[in-house]
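Student: Next come the chains, spelled out residue by residue.
Number of protein chains: 2
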Amino acid sequence: MKVEKTRTPVTVAEAVFRVTERACRIGTERVPLAESYGRILAEPLTATHDVPHFTRSPYDGYAIASADSAGASGNNRISFTVVDHIGAGAVSQVVIGPCEAVRLMTGAALPPGADAVVMFEQATAAGHTFTIRKAFEPQENLSLQGEDMRSGEMIVPAGSFIHPGIVALLATFGCGYVQVGKRPVVGILSTGTELLEVTAQLAPGKIRNSNGPMIAAQLARMGIPYRLYDTAADQLEACLLTVRKALTETDCLITTGGVSVGDYDYLPEIYKRLGADVLFNKVAMRPGSVTTVAVTGDTYLFGLSGNPSACFTGFELFVRPALLKMMGADKIYLPRTTAVLAEDFPKANPFTRFIRAVHDRSSVRPAGFNKSNAVSSIARGNSLIVLPGGTRGYAAGDLVDVLLLGVEEGTDEWVL
Amino acid sequence: MKVEKTRTPVTVAEAVFRVTERACRIGTERVPLAESYGRILAEPLTATHDVPHFTRSPYDGYAIASADSAGASGNNRISFTVVDHIGAGAVSQVVIGPCEAVRLMTGAALPPGADAVVMFEQATAAGHTFTIRKAFEPQENLSLQGEDMRSGEMIVPAGSFIHPGIVALLATFGCGYVQVGKRPVVGILSTGTELLEVTAQLAPGKIRNSNGPMIAAQLARMGIPYRLYDTAADQLEACLLTVRKALTETDCLITTGGVSVGDYDYLPEIYKRLGADVLFNKVAMRPGSVTTVAVTGDTYLFGLSGNPSACFTGFELFVRPALLKMMGADKIYLPRTTAVLAEDFPKANPFTRFIRAVHDRSSVRPAGFNKSNAVSSIARGNSLIVLPGGTRGYAAGDLVDVLLLGVEEGTDEWVL
Chain A
86 MKVEKTRTPV TVAEAVFRVT ERACRIGTER VPLAESYGRI LAEPLTATHD VPHFTRSPYD
146 GYAIASADSA GASGNNRISF TVVDHIGAGA VSQVVIGPCE AVRLMTGAAL PPGADAVVMF
206 EQATAAGHTF TIRKAFEPQE NLSLQGEDMR SGEMIVPAGS FIHPGIVALL ATFGCGYVQV
266 GKRPVVGILS TGTELLEVTA QLAPGKIRNS NGPMIAAQLA RMGIPYRLYD TAADQLEACL
326 LTVRKALTET DCLITTGGVS VGDYDYLPEI YKRLGADVLF NKVAMRPGSV TTVAVTGDTY
386 LFGLSGNPSA CFTGFELFVR PALLKMMGAD KIYLPRTTAV LAEDFPKANP FTRFIRAVHD
446 RSSVRPAGFN KSNAVSSIAR GNSLIVLPGG TRGYAAGDLV DVLLLGVEEG TDEWVL
Chain B
86 MKVEKTRTPV TVAEAVFRVT ERACRIGTER VPLAESYGRI LAEPLTATHD VPHFTRSPYD
146 GYAIASADSA GASGNNRISF TVVDHIGAGA VSQVVIGPCE AVRLMTGAAL PPGADAVVMF
206 EQATAAGHTF TIRKAFEPQE NLSLQGEDMR SGEMIVPAGS FIHPGIVALL ATFGCGYVQV
266 GKRPVVGILS TGTELLEVTA QLAPGKIRNS NGPMIAAQLA RMGIPYRLYD TAADQLEACL
326 LTVRKALTET DCLITTGGVS VGDYDYLPEI YKRLGADVLF NKVAMRPGSV TTVAVTGDTY
386 LFGLSGNPSA CFTGFELFVR PALLKMMGAD KIYLPRTTAV LAEDFPKANP FTRFIRAVHD
446 RSSVRPAGFN KSNAVSSIAR GNSLIVLPGG TRGYAAGDLV DVLLLGVEEG TDEWVL
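Chains as they are written, first to last, in this note's numbering: chain A, 86 to 501; chain B, 86 to 501.
The set of hints was computed from the structure by calculation and includes no laboratory data.
Certain hints may be false.
In the DSS-like style, the derived pairs of lysine-lysine whose C-alpha atoms are separated by at most 27 Å in a straight line are [to be verified]: (1) B:LYS330 / B:LYS267; (2) A:LYS330 / A:LYS267; (3) B:LYS432 / A:LYS219; (4) B:LYS219 / A:LYS432; (5) B:LYS267 / B:LYS219; (6) A:LYS367 / A:LYS432.
Computed spacing ranges between beta-carbons, pair by pair [to be verified]: (7) B:GLU222 / A:GLY112: 56 to 66 Å; (8) B:GLU354 / A:ARG218: 29 to 39 Å; (9) B:ASP315 / A:GLN224: 29 to 39 Å; (10) B:GLY231 / A:VAL116: 40 to 50 Å; (11) A:HIS213 / B:THR91: 20 to 30 Å; (12) B:GLN224 / A:ASP429: 17 to 27 Å; (13) B:GLY308 / A:MET239: 38 to 48 Å; (14) A:PRO435 / B:THR284: 56 to 66 Å; (15) A:ASP429 / B:TYR262: 13 to 23 Å; (16) B:THR91 / A:VAL270: 18 to 28 Å; (17) B:GLU354 / A:LYS219: 32 to 42 Å; (18) A:THR214 / B:LEU484: 47 to 57 Å.
These numbers were taken from a predicted model, which means no experiment stands behind them.
Just so you know, even glycine gets a beta-carbon here, dropped at the ideal spot from N, CA and C.
Using the sequences provided together with the hints, build the complete structure.
Tutor: This is the structure in structure tokens:
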């Protein structure tokens, strides 16, 4: 039997720091704009022309020379003659003369000679003429060239997640292709003699492997490709072989189980045999205190707990930011908010505690049964409540920190 | 020239109601578990067995009969003999006798005859024996059969978004395949004579089509397949032909532009020619007041504004919930929170105003230049501030409603 060794716990913040410090961007590639959603921008997006790139009308109306409107009032209506008519995308070939106007639609370029737009509702039309009852300032009712963005202006920094709004901007500047961070290929290896494949019949003492599919989905949520390795029984040599193989085929390997100090927990020995640099093997947190991260060469070995809740949390806290940094992202930590605790949480927190929770609006409540081996709370939560180590219990009404775990799912009532 | 018709605006809530009321689930299909992330569960997920399905040890330790520990204390240590040794996944074949114990690891099944577990740190070991200094209760340190979930219990309702935690649960219950809502196929048709393809050279009076790629990315974010139609100039007959074609090829069609009352806005006429039922064509909101939704047969026609910001908002407010309902989702509205406004917003709000904004932690600020034709603020925001119609300006420090637009991107500092 092995002798238990004492491990030195690090704080969550220190563990996160040690993991992300070592991560390097693994390269960039060029993808079509239509495939760029969810990737990380490798180069800053700079305006290559003014937006708008020509002064245009923000309304349906008439383009005039503002000088012609001087002195207009209710008692002194000034009349204009419409000499052309253009929609968005058209350019008037007419140069307007005194008290002439061009009827134009929203988005149409301001014709030469005009410097203001009379909105339809500001004019009284009669055939090809209209009258106005107020004077217009130069540039009144115009969308000026460059008012949104200036040519040369840096609009979105490198490292940004490409969301639909950034796609719109890339399209505006004619980027048919986008340079983005490469995605790492991640291996998933679930260890444990107790594990059955998902489609296997239950057997005494055995459970189906839920961590592997869960991590695959956590990676799918990030758009990251993965490779699943066959579930490994708790046998040192066989497991070591699989790990060695995975290390040649992936940019990082996530294992589940086998990282604690139990008699059949072989991951610590595997790290030793590989000569891997163990960044930490104990974190002052619940669940997941045995979470281990090691590095060999350029490859990460994430040793997550076999307990589903701890495994889930370990991925979101440690794996996610490392993978994002490998892709060149600058915002690598989970989005967070604060919320009012909706029910008492009387347990003391000797270590920082992460509780699967349901966040809605400004309140948050634990997602139910919250042991680290619980699967049901994982299925119900959309966030993690963070209770700092060294605190006593919390009461309903207390303000707590909340990490948001992807808000793909919304709410079931419309309240605005 | 067309005569402007008066449109009757509906409230945002009424518009959302009218859109979602008409949406029906378009069917279900069976997908492999590995492809189920992001889909909508078509049937409730019910526990098909207890979880755990056998009583097991949540710790590394020794399984004992608690009765044997009666009377144990510091002065009266009771000694046990280890008669077997199992890891998770193994089942002991030994029936323990008086003061016998089985050494077992986290997750291992409780052996017959045992009803409590002594954690390693609660025992003093010596060779194949150990002593304890306290009595153990029946069921102490056990993870009891069914404590997480009971066979037959409904765990996740139909209509839930399948996130990684639900994948874990599906795996636990051996679901190699999952019945999910079918995804609609969505057509995207950008209209406007001013529009150039993304890779085209700029030309006077023209702009590149950014709404089409943006909507494609908004659909990609939802995992929904789409079909892009060639950009249509503002020509009634040609546009009508394209719309008719799209209606035969898609479950719903999103158009951008052409829904206002301008001289070349042909969508209203197209709805009329199609005999479509116009659910609304004016909403008391900014931007996007001209957003129109019509239904012909079973097919939605979403007429979004051509202004990028209005187009974006129209998609998130009206298209998204309808598509989610078509997939059978029960939480179809954008997730929301409340946050403290970080800067003054002095403009009055005659109509409900949606402002692209950056939400971080508990505060929110407008994402900059906020006209409806602005592209830059779309690229910067991760949320929408909602200011109700009929309100005056807001001041920094005011609490406002915020709709979250997908939190794929996190934060750039770790603060916990």
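Student: Would you check the hint for LYS267 (chain B) and LYS219 (chain B), treating anything up to 27 Å between C-alpha atoms as holding?
Tutor: 58 Å, violated
Student: Would you say the C-beta atoms of GLU354 (chain B) and ARG218 (chain A) sit inside 29 to 39 Å of each other?
Tutor: 32 Å, holds
Student: Evaluate the given range 13 to 23 Å for the C-beta pair formed by ASP429 (chain A) and TYR262 (chain B).
Tutor: Check failed, 41 Å falls outside 13 to 23 Å.
Student: Does LYS330 (chain A) pair with LYS267 (chain A) here, judged by a C-alpha cut-off of 27 Å?
Tutor: 22 Å, holds
Student: Given the range 17 to 27 Å, decide if the beta-carbon distance of GLN224 (chain B) to ASP429 (chain A) lies inside it.
Tutor: 25 Å, holds
Student: LYS367 (chain A) and LYS432 (chain A) were given as a pair; does the straight-line alpha-carbon distance stay at or below 27 Å?
Tutor: 22 Å, holds
Student: Between GLU222 (chain B) and GLY112 (chain A), is the Cβ distance one that fits in 56 to 66 Å?
Tutor: 58 Å, holds
Student: Does the structure keep LYS219 (chain B) and LYS432 (chain A) at a Cα separation of 27 Å or less?
Tutor: Roughly 23 Å between the alpha carbons, so the hint for LYS219 (chain B) and LYS432 (chain A) holds.
Student: Determine whether the Cβ-Cβ distance between THR214 (chain A) and LEU484 (chain B) falls within the hinted range of 47 to 57 Å.
Tutor: 52 Å, holds
Student: Against the range 56 to 66 Å, how does the distance between the Cβ atoms of PRO435 (chain A) and THR284 (chain B) compare: consistent or not?
Tutor: Hint holds: Cβ distance 59 Å, inside 56 to 66 Å.
Student: CB of HIS213 (chain A) to CB of THR91 (chain B), is that within 20 to 30 Å?
Tutor: 24 Å, holds
Student: Just to be careful, I want the Cα atoms of LYS432 (chain B) and LYS219 (chain A) compared with a cutoff of 27 Å; is the pair within it?
Tutor: 24 Å, holds
In this structure, the earlier hints numbered 5, 13, 15, 16 are contradicted, and the remaining ones agree with it.
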